[in-house]
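First to last, the sequence lines map onto chains A and B. No gaps in the numbering here: position 766 of the first sequence is 766 in the numbering used here, and each next residue is one more. In the numbering used here, each residue's number is its place in the second sequence (first place is 1) plus 1607.
Fair warning: there could be bad hints in the mix.
Straight-line alpha carbon distances no greater than 25 Å define the calculated PhoX-like cross-link-like pairs of lysine-lysine that follow [claimed, not checked]:
1) A/K688 to A/K1032
2) A/K1359 to B/K1723
3) B/K1710 to A/K1359
4) A/K1504 to B/K1863
5) A/K1544 to B/K1651
6) B/K1723 to A/K1544
7) A/K42 to A/K213
8) A/K1359 to B/K1819
9) B/K1678 to A/K1504
10) B/K1663 to A/K1359
11) A/K283 to A/K47
12) A/K777 to A/K247
13) A/K1587 to B/K1723
14) A/K130 to A/K236
15) A/K1504 to B/K1710
16) A/K639 to A/K987
17) A/K832 to A/K777
18) A/K234 to A/K247
19) A/K1048 to A/K639
20) A/K1504 to B/K1651
21) A/K70 to A/K47
22) A/K1359 to B/K1759
23) B/K1710 to A/K1587
24) A/K622 to A/K847
25) A/K987 to A/K1032
26) A/K130 to A/K90
27) A/K1002 to A/K978
28) A/K1359 to B/K1863
29) A/K1359 to B/K1651
Away from chain A, derived, C-beta distances all over 10 Å, residues of chain B [what the hints assert, rightly or not]:
30) K1656
31) A1681
32) P1696
33) K1710
34) H1716
35) N1737
36) D1741
37) S1775
38) E1845
39) T1849
40) L1850
Everything labelled a hint here was simulated from the structure, so no lab data went into it. Idealized CB from N, CA, C, for every residue including glycine.
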Amino acid sequence: MPATEQTLRDQKRLHVVFGISSVILILSTVWMFKADHDRQWKQYQSKARDINIQMSTWRQLEFETAQVLKSEEEAVAALDATLVAPPSTKLLDSFNTIASNPPLEIVSLAENSKPLGPLVDIDFDYDVLKAQVEQLATPVDGASVDDLKAIRIQVIATLAGVVKDFKDIEDRLLGELKFTRADYDAARASVGLGVRDGVDANELTARQKKVDKEKAKIDGLEANYQAVSNSRIKLKQILGDIQSSEKDAQRELDAVLADKTRLQAAVSDLHSSFLDGGLPGKKWLELPVLDAFNSPLKIENKWSDDLEQNYNFSMVRRFDRCTTCHQMMEKSLPGEATEPGFVSERLVQIELPIPLVEETANPEEGVGYEEHRQNLIADIYGLRLVPNGLMGDKVVAVSFVEPNKPAARAQVATDAEEQLADPGEIAGAMLKSTGSVSPVSANSLQRHTRHGLEVGDVIVSVDGNVIETPDALARRLLKIRPDVYLEDELTFEPIVPTVTLTVKRGLSHPFVSHPRLDLYVGSLSPHTVSDFACTICHEGQGSATDFEWASHTPDDPLTRKQWIKKYGWFDNVHWIYPQHPKRFIESTCLKCHHDVTELAPSDRFPEAPAPQLMKGYNTIRKFGCYGCHEVNGFDGPDKRVGPDLRVEPNTFAAAQQILATTSGIPAEHTAALDAVVESPESGAAREKLYALLLSDKEVSDADGEEASVFSEDTHSRLTPLFKGSDTPGSLRKPGPSLRYIGSKAEDAFLFDWIAKPSNFRPSSRMPQFFGLNDHIKREHQEVHGDEAYDDPAERYEPIEILGIVAYLNNYSQSFDFLEWEDGVQPDVSRGKIAFEERGCLACHSHKDFPDVEDFRAVDSIVQGPDLSYLAAKFGTVDTSENATLDTQQQVKWLYTWVREPTRYHKRTVMPNLFLNAHDVTTAEGEVTGRVDPALDIVAYLLSDEGHNWSLAEGNLTHAAIGDAETANLDGLMVEHLKNAYFDSVAKEYAQTGIPADERSVKVAESELLNPSGENLTVDQKLLYIGRKSIAKFGCYGCHDIPGFEDAKPIGTGLADWGRKDPSKLAFEHMHEYLHGAHGHAEEDHGAEGHADDSHADADESLSGVRQNSYVNELPGFFEEAILGHNRTGFIYQKLREPRSFDYHTTTNKNYNDRLRMPLFPFSTEDREAVITFVLGLVAEPPREKYMYRPSERDRAIQEGARVIDKFNCKGCHVFEAEKWTLAFGEGDFDLSSASDFYDFAESHFPEADVSASLETNKQSLRTAVIEGMPVLDDETALPQLFDAEFTPIKFPIFEDPISPSVVAFTPFQLWRPAVVDGVVMQAGQRLPELGPSQVVDRKPADGGDLARYLLPGVTAREKQFGNPQAKGGEAWAWVPPPLIGQGAKVQTDWMHDFLLNPFPIRPAVVLRMPKFNMSPAEATKLVNYFAAKDNVAYPYDYSKQDDVNAITESDDQYNATLVTQNLIESPIAGRRLEDAMKIVTNQNFCVKCHIVGDFVPEGSNKAKAPDLAVIYKRLRPEYLQRWIARPNSILPYTAMPVNIPIGKPVSQDLYHGSDREQINALVDLLMNYDLYTSGNTSITSLVEEQKAAAPVVAPATPTEAAAGAEE
Amino acid sequence: MKRINSTLSVVLTLMLMSSAVAAEGWGNLKVRLVFGGDVPVPAKINVNKDINFCGKHGLIDEGLLVNKENKGIANVIVYVRDKDVSVHPSYVADDPILVDNTKCRFSPHVTPVWTKRTLMLKNSDPVGHNVKVDTFLNPPINPVIPSGSVLKQTYTKTEPLPTKISCSIHPWMTGWLVIRDNPYVGVADKDGVVEIKNIPAGELEFQFWQEKVGYVREVELEGKTVLWNRGRVKLTIEDGETLDLGDVTVPAKLVK
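Same shape as in the complex, but just chain A (with noise of 0.2 Å):
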């Protein structure tokens, strides 16, 4: 085909075509750098630089300020006047001393050298330098300072030449240096040549001569080289010493300017224009199309270190974007790292006090009105304003606050309900560890409750009057200027009067600062955001830059609409980790926090960091979750996952069962079971057992079972449990042991309490298992119009009870109850007093003793249950005198249980509490009588009627089983047996059994076995459907059950559950039941919600004092999240309503497959509490390094924190003291050390601590952190409060009718030593007048719950029944003593073995420390937790032998003293001990009070002190001590006195020595006691004999002596 110069398409038309792509490529070019240049990011960032620009504009003018110019100007005169000074002339002389004296040697040198030009060529006339100082030193008259300067510079200048031209001798005698060297190395090299080349010897003669030379030149340059080099160092030293002073003084100035310097290129950085210095700007950068190339505005990419994420087929390591809008996440308040710089926004409401000012001047000329009403209000108020925020929007903002003006003190104005109502109150918060009144006006220390207007603020109105203009609130504020003040009445001080400023404080996202800097983000915190970015902790999609890509999660409903409004957002189910709402948000700490424990208040963070995830934590463990749902801390082999929170080994309880069961153990078996039992933890124990068990069954195996010792169920059945495992579970099944049941209740009761615990104890925890099914009938009602639905669930129940019940009883095993004394009687009152003062109200509460409960912390776990009304749980107990106590069995079981818990519940925490039968003697010693306090405490708890209880209507008792429940029960073994049989099979086994032929029946069903063929009794029945229900529920997860202990938890367990896939969770119909009205608690409860009510209804007939409320509400959150079947929903929807997933599913399932969840008494914040702790629960953990991995101190602590927990120590223990944080004036406290004290007994501070005590914040107040306790009152033992005027204030009643509004002192003593106001304070001191106004924080006391409580009540008894003088003061030691300072104490031996067997040790205490049931292990961590706390060595490692040698030496010492001085003719071994013992027998000092060995002085208890022949094994020698020479700065209530007061030793006819010398000897004979008694065992004979000896006077002065003879 013939070529053409056709082309395949028409040209044209492709021109066509090629303009209209071209036009479209243009086009989308430009939409791509239009949708670029539009980003959301770019203007989020563009903002938060303005805000930047603006702020530190703003601040700059905090150095614009008449202080800080005053300070500038004054830095400057200080340089100024530095630079005209003249130099000293001591240095100027000694300058040119060395000046002038250049060394001699470089003179000499010049000959014999090559030249190296002038060698001293020094240009320096001392003659004109000393003219120019003079005119410096005296200036002529005119002469400027400038011309000075001029003078100065010149006499600098010269010194500085004279510096220079030495270094350049220096110099170039190194550089000639350097050639001789060459030379002589050459000359050396010739040599050697020489040699090799055997020149004649005269050549090599002459050769080394050269060489000689050359050394000789090299020693002379070296000489003259270092003496220069001396020569020029201490000239540049003079010249520093003249110039030093300029230099300090440039630096002073330098600082002054640091932070202004700081601000201005802080905007110069962050300032973007056009036009900068007549240049282009960086503005044009970020013009569209060039802002897609180099723009200042820029993605942040933050690389996390190692941390990854998983995106399904791969990990990948996380970098995260999120700070590309949110740029202000690290901004801090300057000078306060850790304080966020821009919080969320906020409006508050701020007092603003009116100055009194003279009546102000015009303006002047020049000057508008306007700008003249702006400088009145700086120079008033220290306020500037501007018409614009930070935002850019038109609002009269904060520009400028003087520090100590009206604006800077202004006060936030507390909510309503934080007002302080009345002293009674105050007294009571302070006392107390709960409660809203707290004398402070809570929490001042957060940014939005923080006094004063700060930069920034945006002032909305004044007194309620919107202000739009700054001019307009300049106006306003200077019209109120009140003329005449009124008068406080009480105080005559004038009342200021204030106008309330709305003030809207902070920003919104995401131009916020990430709160808590201390613990996140921050650079000082432990997750700085450069390591951990932000999606490890908040998950979403960290690399988008797009507000709806980032997944994040609204907080609520109405966040929800804003954002989908505003932002488009929707919910990307792509992203399979979305954002944590800000609600769930403490969930992640569980990723790297696995034990939980460790995020509770601590040292270095006393603000709780977890609050929210600590309270599901804590929810779980007190409600027992972990019975059913097993938390085992782990998803596979190396995963770790929160918290292991699984039940121990059940091996005791097998034990017990296997001991039960059998008959005819031998004594080696029995052994080894019981010793199993005692101690399940012993690893020794369980493995003898488990050896002799498995022996057994090789026996069986062999022989037949009838050879064997154990049956088969131990072999099959129990005898792996004996197994063991590396890492067992460590908690106790959080419900009581039902083995031996039957001794405990009664049929009816049980029948009642597992039909619905809240009936009888509103409190308890124990769920609701049944009655739960209300809204399946109402479902076939309403929905399926089926009015006669009768549901299988109202017939089944109550059978299921009752097997429950009959099951229980049956297999309860026989219970050896603990006799009382013959002839002893109980007595109600007196019980009482018991149960109130020995220790019950630790753990328990009690309808008769409400108080107790203000001291407990709200979240606190109470250990044990309300024990109000337990005569309606077991019966009243007979007292009268002719009842006969031992036929009532609730007093034998309840009189068992208080005396010896153990013997009933191997593992229970309830502890022995040593109520043993005693003596009632009178004064005088005479025994009237004899009690038996745990009998009291029976009768007492036992004699409560005060209540209209009864058994709930229609409970079924086995006698009321009739034809209708016989055909229920029928019903319901068959639904059991249809589960292991065919239908009809079931049916005839239902009936008659199972015959004994039947081959594989399970456990339950052999409950069935029947040889005999006959018809099964309704008792058999009962049996087997109460172990089908027990396994159903699953009541062995709480409870220890006689045949259930091997069974596994029911519950799914949680690992991992925080990731659950939602589409594998059974939402089932909520949507139907939700929209059928049936989960709108507002609108209708629904079939659960009445459980509600029914609590209602319970409290009105019998109420505790500590409540659990079950609330049905349904907030709007959780309502999406249900319909969105999002697994927080699915939880919540759980926990609230745990039946209602059964609605519209029962009708094709069986009855036994419909739920079995029971119903928990939770509010909504336990709900959310618990699902936090939930979500946490994921298998993810970070890598290794970033595994929360405490120190070695820090482990124990927090071990040693769970044991605490456990045994419930705070429950009677004050762990930390109360910790106030106080703001007060300068002057307001006239403080001054402590001046007596031995140097080792005083605590000192850096010298740094103490200035910055001296250091005033913003409000110009100083501020001091103190911990101690309010003084308690010597009449009431509660906290002294004074007025104004120091009228002592009683509450609540009040000696005169003054206001109750002014407690204006409250004294308060230091348990740990301080800084305050410059002065160190000592334990022990008081801060006599401290206002509750002072303080601004407020940590109450952790734990002590008994003891604070007990305080008055044991004042008031002791001053009723023992001393009528007795101080309220000295309460606290009578109560369980506080635990500060515990670990610095006592040796940590003596804690381990006190802890297993305690005995004991004051006399003066009401109440005995219980026996815990506690584990060695448990002990030694409590133990090292004390020795950590105080950062103590742990173990104790004093060493006896060094201290015995060290004795030895020291009465070789003594000895040789007495004898130089002629007091004794030659040493006796061992005088020095015995004459310290000599000041502890003596009648003055330790023997009034303090038990030694045998002797025990005269009175009543509460005057006794401990036994000082055992405090060796207790007491470390340091404390010891300290203790002897300053009781009260280590227990500030002490009534123990100073013996040796400093400086005035005992007696020296006693002990020969200083004050000293006598504290060091009672040490060493108190802590060798053993040593020392080994001789001497009766210490009453030495009593007797001090006693009969003079009376010892100390030696008087006769200063002293002479005022005594007068008087």
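Add chain B to chain A, keeping to what the hints say.
Chain B in isolation, oriented as in the chain A frame:
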């Protein structure tokens, strides 16, 4: 509260600085406190410590001692509340003040302590005592006073309330110190008579306080009930005169 504190500290500073300012004249105050109820019988102390020695002195609770003969109340404390009062030259600052632990009680039971004087704490008993002084503004002390010895103690600040002293060894032992920066403190004798001499003339505020009553806030004067707010009353002392209030009856209902 800062305001209040500042004021107080200023006041205290002034009080410390106060010196004998010349007054225009001097007068005396005399008053007898009478119990307005049945004479209470003081409880016997249950002596359970050092019984051999302390038990033989027939110790009684000295909280409220009323004279059987004339119903006079002992140990009522009356002092001048005003600050910066002039001090008459007859008051000698050098004299030490003695509180003796004798016969297992503090003698005297109530002791005025002028801050210019030194307090001597003595133990005349053959048994050991300690003296726990719970001062409010001054540092509290608790030294052992061995048998037969004396301990010196000085105070610099006026205490806003009477200060309790006690002995931890013998829990019944209680006494009071009235630590003031002037000597105008009177303590009622066994007949209830209080006399303060050489008081600067003019109107002064007097404080009445008793251990078991607290502030004597209500009295009967010449048959009429008079309320003394917080136990305080302003009285005018005339130059050269003795202001004798006569019998002032303290109603029994005030006793706690």
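Tested hints:
1. A/K688 to A/K1032: Judged against 25 Å, a Cα distance of about 34 Å means the pair is violated.
2. A/K1359 to B/K1723: With a Cα-Cα distance of about 36 Å, the restraint between A/K1359 and B/K1723 is violated, given a limit of 25 Å.
3. B/K1710 to A/K1359: Answer holds: B/K1710 to A/K1359 is near 23 Å, not above 25 Å.
4. A/K1504 to B/K1863: Violated: A/K1504 and B/K1863 sit about 29 Å apart, past 25 Å.
5. A/K1544 to B/K1651: violated, 36 Å
6. B/K1723 to A/K1544: Cα-Cα ~24 Å, so holds.
7. A/K42 to A/K213: violated, 78 Å
8. A/K1359 to B/K1819: holds, 14 Å
9. B/K1678 to A/K1504: violated, 39 Å
10. B/K1663 to A/K1359: holds, 23 Å
11. A/K283 to A/K47: With a Cα-Cα distance of about 14 Å, the restraint between A/K283 and A/K47 holds, given a limit of 25 Å.
12. A/K777 to A/K247: With a Cα-Cα distance of about 92 Å, the restraint between A/K777 and A/K247 is violated, given a limit of 25 Å.
13. A/K1587 to B/K1723: Given pair A/K1587, B/K1723 is violated - Cα atoms ~39 Å apart, limit 25 Å.
14. A/K130 to A/K236: Roughly 19 Å separates the two Cα atoms, so the pair holds.
15. A/K1504 to B/K1710: Cα-Cα ~21 Å, so holds.
16. A/K639 to A/K987: violated, 48 Å
17. A/K832 to A/K777: Between A/K832 and A/K777 the Cα gap is close to 48 Å, so the pair fails against 25 Å, i.e. violated.
18. A/K234 to A/K247: holds, 19 Å
19. A/K1048 to A/K639: holds, 22 Å
20. A/K1504 to B/K1651: Cα-Cα ~22 Å, so holds.
21. A/K70 to A/K47: This hinted pair is violated, its Cα atoms lying about 35 Å apart.
22. A/K1359 to B/K1759: Between A/K1359 and B/K1759 the Cα gap is close to 32 Å, so the pair fails against 25 Å, i.e. violated.
23. B/K1710 to A/K1587: holds, 17 Å
24. A/K622 to A/K847: With Cα atoms ~21 Å apart, A/K622 and A/K847 stay inside 25 Å; holds.
25. A/K987 to A/K1032: Holds, at roughly 20 Å.
26. A/K130 to A/K90: holds, 12 Å
27. A/K1002 to A/K978: Holds - the C-alpha atoms of A/K978 and A/K1002 are around 13 Å apart, at most 25 Å.
28. A/K1359 to B/K1863: Given pair A/K1359, B/K1863 holds - Cα atoms ~13 Å apart, limit 25 Å.
29. A/K1359 to B/K1651: Since the Cα atoms of A/K1359 and B/K1651 sit roughly 14 Å apart, the hinted pair holds (cutoff 25 Å).
30. K1656: violated, 4 Å
31. A1681: holds, 17 Å
32. P1696: Since the minimum Cβ distance to chain A is about 21 Å, B/P1696 lies beyond 10 Å and the statement holds.
33. K1710: Given that every Cβ of chain A is farther than 10 Å from that of B/K1710, nearest at about 15 Å, it holds.
34. H1716: It holds; B/H1716 is separated from chain A by about 12 Å at its closest Cβ, greater than 10 Å.
35. N1737: At about 4 Å from chain A, B/N1737 fails to clear the 10 Å cut-off, so the statement is violated.
36. D1741: Not fine: 7 Å to the nearest Cβ puts B/D1741 too close to chain A.
37. S1775: violated, 4 Å
38. E1845: B/E1845 clear of chain A: closest Cβ-Cβ about 28 Å, beyond 10 Å.
39. T1849: Check passes; 28 Å lies beyond 10 Å.
40. L1850: holds, 24 Å
Hint check: violations occur at hints 1, 2, 4, 5, 7, 9, 12, 13, 16, 17, 21, 22, 30, 35, 36 and 37; the rest are consistent with the structure.
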